[in-house]
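Asks: Now for the letters of each chain:
Protein chains: 2
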Amino acid sequence: MRVLARYNHDLPELRKDPITGRWVIIATDRAKRPNDFIRQPVPAPTARICPFDYGSEHKTPPEILAYRNSGGRDQPGWRVRVVPNKFPALGIEGDLDRRGEGMYDKMSGIGAHEVIIETPDHMATLADLSEKQIEEVLWAYKERVSDLKRDRRFRYILLFRNHGEAAGASLEHPHSQLIALPVIPKRVQEEVDGAKQFYDFKERCIFCDIIREENTAGTRLVTETDRFTVIAPYAARFPFETWILPKRHESHFEEADAPTLANLSWMLRSTIRKLDKVLERPAYNFIIHSAPVQDAPLTYYHWHLEIIPKLTKVAGFEWGSGFYINPTPPEEAAKFLREVGLP
Amino acid sequence: MRVLARYNHDLPELRKDPITGRWVIIATDRAKRPNDFIRQPVPAPTARICPFDYGSEHKTPPEILAYRNSGGRDQPGWRVRVVPNKFPALGIEGDLDRRGEGMYDKMSGIGAHEVIIETPDHMATLADLSEKQIEEVLWAYKERVSDLKRDRRFRYILLFRNHGEAAGASLEHPHSQLIALPVIPKRVQEEVDGAKQFYDFKERCIFCDIIREENTAGTRLVTETDRFTVIAPYAARFPFETWILPKRHESHFEEADAPTLANLSWMLRSTIRKLDKVLERPAYNFIIHSAPVQDAPLTYYHWHLEIIPKLTKVAGFEWGSGFYINPTPPEEAAKFLREVGLP
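As given, the protein sequences belong to chains A and B, one line each in that order. Read in our numbering, the first sequence has 341 at position 341, and its numbers run on one by one without any break. Read in our numbering, the second sequence has 292 at position 292, and its numbers run on one by one without any break.
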């Protein structure tokens, strides 16, 4: 096998995610820069009739929450509007009814699936909205989680946003989604367990440690304010994966206070604008990672927001192994995002 | 919230994967049938010059293994040819050199990344090859794993195939890939641990139980022979996810004997042809799940092959949670595959 040595240039690195223990291959030799990815900018919205526009309120299930300038329930005049998903992945009524089926286990698909319509402006993208508008979207997130968590059947509430068809968005009108689940998803449990292990060993929150480490090292830092740190994580699974972490320790997103949400709005907006500029308006997903809703405040878990631009295709290797190959070292991604100028 | 009841039709089901404990949402109400997916058939290969064709052997690194009718090393005349990946994700030379970096852990990206060129015929797809030809591909898998596992640095060897651009294939010439890793990937470890837990409790292999259960129930059974069972798994993450399981308990793929490989070739070929017919030549990934290579034979783990047609986009929800929504119940997928006629 010695003959193969000449095909090895710089060795890639295997990096371990400190929270979950997941190993990731970070390519160092043929590192991909922003221009190396095949660009597929998310096209600008088209002006067709949409159930999320003013005047189409009757096309959605009745609204659960709205912030309004005028109008009554299910009328135009809202700024942010939350409705049940018309085609929900889970149903809100009924009992969990855990039961066996042969050797297997199942339960009824009880949960909530809501859509947060972020603006009446069909033609906007999240990054086009004002800070104030995004702040209201975040308030809607907080309000809905706070309401739903009183239903003790729900053990986890996921807040996420798919932008662009490649990221799984089926409607172009700006919106986020919320799914309340009767079980704690496996990846979430792993993250919580990993953070707890670290805490048991060190008596410190691992996310607080990461924030300190990254603010000091600086190489993976995108930006920071008094309240937030934005980084390209050390063991990023995806090129330009970006995390927004609150500096103050808090396990549950829904406990965030007004100044935190105001600052998060600024951070989220500027981070997406940076990604848009460096990667030419990529499709992306973001997900709020927060502690299981029925848990009391946790010393060892720390909510944060993870943004994943959709630049590469996930292939058999990743599905089969949960082992990712990231062609862009996070240090390079952070540098591009740090240096890009915003108007 | 009672007002929402009318938007709930049949409740979806939450099903638990018996091996890993992962919960999956299986839609029952708006179940997607094959015609409901947006078809994107993998286009037929184009006849352009390719480094995997006869006469281009010098464009790849020197071959590691070949089955030939004629010709010498790195000459035309081969039927199956294995070469190092010219752009490997990992390098074969060097020490692991485990070390810290601040609070983080890393090691050198030591491993092997090989390409199994399945045929000199650029214009073929795997399903076009003869049973004999696919059998030789499987022999190449077995030989390469058996050789590489003697290198004690390698703890896991992944065999996988990406078909079609949507599934991550960057070259259209029929090929599979092998990656030897110095760590056991997280998803693999979870599967092995889950199977061990079941064994500790029941003193039986969970995969052997699944095979018995599915052959008896029949509702998720696609086909079976003396040696193999093909099923749509109970908690399938993806529509038309299909598993091929050997009936005889064996933990390591590379221990499969000649009659097993011959029968697997038949099974794999007919299963992919069924998927091609029902789903109109979809992009797909398949992955061989096998025990960690340095382990002795395991009573509790059972190698198998998982095929995932690429029909849906994985969105933020799935990334954030490891929690999948499958719009096609496996019972329906199995029925379509069972009933499709092959010439």
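Read the hints as simulated data drawn from the structure, not as lab findings. Keep in mind that the hints are not guaranteed to be accurate.
Because identical chains cannot be distinguished in the list, a pair is counted as satisfied if it fits within a single copy or across any two copies.
Said to hold, decoys possible - Each computed DSBU-like pair below joins lysine-lysine, with the alpha-carbon atoms no more than 30 Å apart:
hint, residue 1, residue 2
1, LYS149, LYS132
2, LYS335, LYS132
3, LYS149, LYS196
4, LYS313, LYS149
Asks: Hint by hint, which ones does this structure get wrong, listed from lowest number up?
Replies: none
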